[in-house]
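Student: Construct the entire structure; sequences and hints are all you get.
In the numbering used here, the protein residues as written are 288 to 390.
Hints are computed from structural coordinates only; laboratory data are not their basis.
This structure is a prediction, so every number in the text was calculated from the model and none was measured.
Please note: incorrect hints may appear among the correct ones.
[Claimed, not checked] In silico lysine to any residue, SDA-like type, Cα no more than 20 Å apart, as pairs:
no.: 1; residue 1: Lys308; residue 2: Ser381
no.: 2; residue 1: Lys308; residue 2: Asp380
no.: 3; residue 1: Lys308; residue 2: Gln372
no.: 4; residue 1: Lys308; residue 2: Tyr350
no.: 5; residue 1: Lys308; residue 2: Glu339
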Amino acid sequence: MLSSAASALLNVVLYSQVLFKSPSTVMGYIIQSWGSTNPETASTELLRCLQEMPDETPANSCYTAGIVQLHQGDELELVIPYRPQALVSMDADSTFFGVLQLN
Numbered sequence: 288m289l290s291s292a293a294s295a296l297l298n299v300v301l302y303s304q305v306l307f308k309s310p311s312t313v314m315g316y317i318i319q320s321w322g323s324t325n326p327e328t329a330s331t332e333l334l335r336c337l338q339e340m341p342d343e344t345p346a347n348s349c350y351t352a353g354i355v356q357l358h359q360g361d362e363l364e365l366v367i368p369y370r371p372q373a374l375v376s377m378d379a380d381s382t383f384f385g386v387l388q389l390n
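Tutor: Below is the structure:
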């Protein structure tokens, strides 16, 4: 969760990278937020990353970044859509997620 004055809008940079190690046509992920102002609402897609995964080189990273507005208390989630065959590197230098507050 992000901290700031109640209901204040925060400008943040979101960045993430996932190293996929699976041959497939396309691999990717979505960064979404769950609003603190109305927790019963659906999630909001903020960023997405899609990357072709050639069979000859199954290790391929997918990186995305962007500036978004969040409310104090919003929760963020990185979701890899249903891909039961997905192999993901869990090394800190190849798969990561971060937030930098701008204001």
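Student: Given the hinted pair Lys308 and Asp380, is their alpha-carbon gap at most 20 Å?
Tutor: holds (15 Å)
Student: Mind checking the alpha carbons of Lys308 and Glu339 for me, to see if they're no more than 20 Å apart?
Tutor: Satisfied, since the Cα-Cα distance of roughly 12 Å is no more than 20 Å.
Student: Holds or violated: are the alpha carbons of Lys308 and Gln372 at most 20 Å from each other?
Tutor: holds (10 Å)
Student: Is the straight-line distance between the alpha-carbon of Lys308 and that of Ser381 20 Å or less?
Tutor: Between Lys308 and Ser381 the Cα gap is close to 11 Å, so the pair holds against 20 Å.
Student: Check whether the Cα positions of Lys308 and Tyr350 lie no farther apart than 20 Å.
Tutor: holds (14 Å)
Figure legend: structure checked against the earlier numbered hints; every hint is met.
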